[in-house]
Amino acid sequence: MTNTVRIIINDQTYDVPAGMNLVDAAKWYANDDIPVFCYHPKMEPVGMCRMCLVEMGTIEKDRATGQVVLDENGQSKVRWMPKLQTACTTTVSDGLVIRTQTQQVQDARQNVVEFLLTSHPLDCPICDKGGECPLQNLTMEHGPGVSRMAFSDKMRLDKHVPLGDLIFLDEERCIQCARCVRFQDEVVGDDVLAFHERGRSLQIITNSEPGFDTYFSGNTTDICPVGALTTADFRFGARPWELTEVPSICPHCPVGCNISLSTRLDRDFGGKTLIKRVMPRQNEQVNEIWICDKGRFGHHFSRSEDRLEDPLVRERSGRLFAKSWTDALAAAAEALKAAGSDVAAIAGSGMSNEDLWALRQLLAGLGSRRLGAWPPTHAGAEVVAQVGVGQGTNLGQLGRGDAVLVIASDLEEEAPIWRLRLKQAADRGAFLLVMNARPTRMDDFAAQTIHYETGEAVQALLALKDSDAWKQLAEAHNLVIVAGAEGLSLDGSRALAGAAANILLETEHVGKPNSGLLAVLPGANAMGLHYLGFTPAATLDIMQNPPKVLIVTQADLLLDDPTAAHWLAKVETIISLDLFASGLTQQLAAVALPIQSFAERDGSYVNGERRVQRFYTAQGPMGQALPAWQALSRLGEQLGQGTAKLSAAAVMVEIAQNVPAFAGVSFKELAKVERQYPDVGGKDLYYGGTAYRNRGGLGIQIPTAADQGQTVARFEAAADEPPKTRGKLVIVPSVRLYNRERTFRPSALVHARVPEAYAEINSADAKKLGIQDGDTVEIAIQNAPALRVRAHVNGGAPKGTVIVPRHLSDTAAPLAVTVGEVSKAEG
Amino acid sequence: MTHILLRGRDIPDIWKYDVYVENGGYEAFKKALSLEPKAVIDEVKASNLRGRGGAGFPTGVKWGFIPQSEPVKYVAVNADESETGTFKDREILETNPHQLIEGALICAWAIQATAVYIYLRGEFWDVAHELDKRIEEARRAGFVGQNIQGTGWSCEVYTHLGAGAYICGEESALLNSLEGKLGQPRVRPPFPAQKGGGLYGEPTVVNNVETLANVPWIITNGAAEYKKIGTEQSAGTKIFCVSGHVAKPGNYELPMGVTLRELLYEHAGGVPGGKAMKAILPSGGSGPIIPATDAVLDTPLTYEDMSKIGSILGSASIIVMDETVDITWVAAKVTKFFKHESCGKCTPCREGTYWLDKVLDRIMAGQAQVSDIELIDNVAKNMQGVTLCALGDFAANPIIYTIKNFRDDFMQHVQKADIKPASKARQAAPAGD
Ligand SMILES: Cc1cc2nc3c(=O)[nH]c(=O)nc-3n(C[C@H](O)[C@H](O)[C@H](O)COP(=O)(O)O)c2cc1C
Ligand code: SF4
Ligand code: SF4
Ligand code: SF4
Ligand code: FES
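Chains as they are written, first to last, in my numbering: chain Z, -8 to 818; chain S, -7 to 425.
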């Protein structure tokens, strides 16, 4: 360590990094847990609770000589401060001396706990935090044991204050530590919480409309040191000590947040193991100790009423009948045999690596290599494999001297935790440049924003060289480019990723940690799709040249693509492996096989940063559903392709042997953990909150070509052809985090936050069409039923462009950029 | 003697710009502008002027802390004047406002500030309104704004009204409030004078109105002359705000070192009705309350002598109580004030003031026991020295010192109560304020 200082804690000497917070240093280096309530290692200290008082002094030095002054015993003399000092507001410095265990310190801790408890309701027996509560724990350790406050003198306050739809406040339990407020201000940048009033009347309020309007509210319940903030999902649902923790990976977006599924056997689930709540699991390189509210509250789909529970086969009558696995697999095998090699597969990005391998092997056995990735919206994965962010990248380390460019993505909606971490990178001084055709939330945190013409992302990127921002990017110590695909065709997205890669190559920002490309790919395992050979280009080919038999796995083509019915009409047989009974399964599948969700099985995903991460079996099974890899492998057995695999781990062994990217990957390696800073999840819940320590594995990051020292050639980066409008409007699909996808809709508690289906229309276009803000409009594109939505005319769309968020209604919105007509709907 | 600060008493219309200038107004500022900023700081340092807002910190030293390398620096004038029994800044603001503006401008020049913010308590809205006009007069004369007096240096002067919170007189809470944030003190260091600690994070001098009003006189007459007034460690005059049981309450500007006896008996006319003086609150509600003994009355009013008798000079807002006053009632009343004014940011003060108030209510209602006196004494001591700002100590003082110095007054309340089981007595407690 280069820059260290020497400090003394309880007579022991430690060398610690200069500039470190004293509470952090004492914990990390001296294993001394100084009790805290308001301090949190991820936020600035505020010195509010006064729990961290310690005796503090400095080693006396002779002013003239700079020599340490010795006392009569030859020990260095310490100049003690007359009063106790708060450790949390102290930065370590050479010669700092503290005592944390003396009577004076113990008395001070007892006094602070006594003060905190004076007006505390002490309703631990009915408190959700009971059992994992910092106040409870510190009371046991330091509290006075008796109450001197007359019971009748206690404050009586409201115990069920909804701060929005997701979080409830118990005013009596709040100890005014401001962690929640500071989290929203400092970490998230949505300052929707505040203190109201003063003195003992100080209370947390929300000042947004709707209340607590942020995608990150759930994290406040983890860091709240008492049971003042609870989630609508979990409150009164279970006691913490009844829960079993199962490490998992969030299945909702490319960030791949590490989560912990708190489960227990539950009456409400037929006595089977049930997910009671989703909690963050620490992975400092991926999500630190945070998750977004979609990850936290979006687990209900795993038990949705819509889950497909039995294998189904469509009879001549056109009706689906439940069959045994044996019969259903036989029916599927028969159709496949008849098709020969005229078979293709489309796999959704929620499929695990093991599933994808089994699917690929099945098709290979049939002589087909037509492997489509769904949804086919972003072709950046292949570029990421070359020049993605370097191995060891940690967005939490970006800061002064670094630069981040976000282009063609609404990051808050598409990858919330990336957005949160990049916002903090900007706070730490990284130059953040945000480019899009329309304003997005990320603009609020940007040092500079560039709004280009719809579809001209590549041109805008190429033009950067002549702009003022270029120097900031080129000369940055680290440069991360985050490329989305909004407003681009599939080719356009490939070109954009390529143009971004060229910048990274040219400025030598590849093959090293904290620099490189991030593609905002759809879903949790889009990189896995890439590495296992599934491409969006193959999907487009399948759309154009339909095969006889199409295997569709965990992808609802009908709900995702309004033209799907049109092109699927040419497919003879559809075999659907799905979580849900509705949609494609119900309408078009000849054979439907029920598969298990991420919650019921083990497997692995590759996140957007190419980290292979393992998830474990948490929840009891639904009906007869099997993990997809197993269903596919048994189908292969039926087709004479060899015996079915026995476990996901065994499938991974095969992947590692055959796919170079996975060399060295095994379930055992994926499960490896090491000590992470800050040290959260121990018994000292008061330090980091209730985020879980990582016991399930930190994962393995696949190296890029650049990481491996290969020379990467420049990419083709021809500008996207803007769609020919011929007087029509350009329809640009966009992503909303809260939507009506089947993996999110069952989370009813979030319904109020899912926007009503709408389209953003430019005021000039709206005027021409006689449309006003709030009107119902119809959007018509080729080969698709009309989409009815509410018109928003409020500056959200560039001229000539209509922004249509996907998945907000049961009618599919356009999947890819296209042209269409917008008209005011009658009635 | 003639006044340095309350010159409105000698020169009736000195609040008017013309009258102020006729009497040498803004000459000190012009003189300061002809000096190097550092020389101005040195002069103020040499004068031994100490902050009149309560803490008595040497003013020149504070100005000297400002890092000159920083391009943006501010002056914040503390006109929050909310200590109980304090009404000195108001008289300066109302009757001699240009002298404050001039003092603030000299400070601004000395630290090369780009703006002066005068933060006034919310109730001073009419004062602020008038002050705005005075600032305009100074601007028209070329003392405020761009390129002041051709020096090339520019400085704005603004007034800002608080919303009625005692805590916003505390310098870091004042800065938060100025920034539009919740009026709560900040963690220090960084101190206001340091980068990161001042207004919008820029180095800032925060000075009391009275402190700055001294500065023009010092620049005009020199530090040596100033030091001739008062004592070695407490130079200059001080405005003593005298209220309570005296014949002539009001502001008295006198050289420091005057004894309490002289101030209270000769100037303020002693206790009316021939009653005996019982207690003195030398610094409003926040300082240690002391019994009016001969030794106390013979104490010179200086920073050093007041601390010798276990009290403080503070803002010198002296509240006098005669023998009829029940000191327990005083403790209860002052505690209500601090309970109401605690910002709530830190635990001991937020919870302690609330708790003390509850028990004191019960004591006043005759429903308490002797142990309750020990309780509040202990609770107050647990608040001492552990809070984020000094208000926690202020709130503990009235309890600790009233019990220490006037225990009999407390015993009367608990002795009157018939000793019931604690729980019953408590149920009968009043609900508070
Ligand atoms: C609770 C509290 C209230 C205060 N109120 C005032 C006030 O109303 N006016 C004031 O000038 N100083 C007040 N102070 C002192 C200021 O914090 C600060 O010391 C002063 O403004 C510095 O100016 P000076 O050096 O000129 O005295 C208060 C301090 C505390 C802790
Ligand atoms: S709600 Fe919780 S986190 Fe927020 S201030 Fe209260 S105790 Fe702290
Ligand atoms: S950011 Fe993405 S991966 Fe993380 S919790 Fe949210 S949806 Fe899940
Ligand atoms: S001591 Fe009182 S006024 Fe000062 S910060 Fe703490 S709660 Fe606020
Ligand atoms: S004051 Fe240090 S942890 Fe709260």
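Hints were generated in silico from the structure; no laboratory data involved.
Each residue gets a CB set at the ideal place from its N, CA and C atoms; glycine is no exception.
One thing to keep in mind: the hints can contain errors.
[Unchecked claim] Derived DSS-like pairs: lysine-lysine, alpha-carbon spacing no greater than 30 Å straight-line:
no., chain 1, residue 1, chain 2, residue 2
1, Z, K314, Z, K145
2, Z, K503, Z, K539
3, S, K37, Z, K462
4, S, K328, Z, K150
5, S, K328, S, K240
6, S, K173, Z, K150
7, Z, K145, S, K37
8, Z, K52, S, K240
9, Z, K52, Z, K74
10, Z, K145, S, K328
11, S, K23, S, K37
[What the hints assert, rightly or not] Some chain Z residues near chain S, calculated using beta-carbon distances under 8 Å:
no., residue
12, L44
13, L107
14, Q167
15, R432
16, K539
[To be verified] Each pair of labels, with its calculated beta carbon distance range:
no., chain 1, residue 1, chain 2, residue 2, range
17, S, A287, Z, R54, 48 to 56 Å
18, Z, Y668, S, G193, 54 to 62 Å
19, Z, R54, S, E171, 35 to 43 Å
20, Z, L148, S, S146, 24 to 32 Å
21, Z, D418, S, Q60, 41 to 49 Å
22, Z, E51, S, G188, 57 to 65 Å
23, S, E171, Z, Q97, 51 to 59 Å
### Task
Could you work out which earlier hints the structure fails to respect and list their numbers in ascending sequence?
1, 2, 3, 7, 8, 15, 16, 17, 18, 20, 21, 22 and 23
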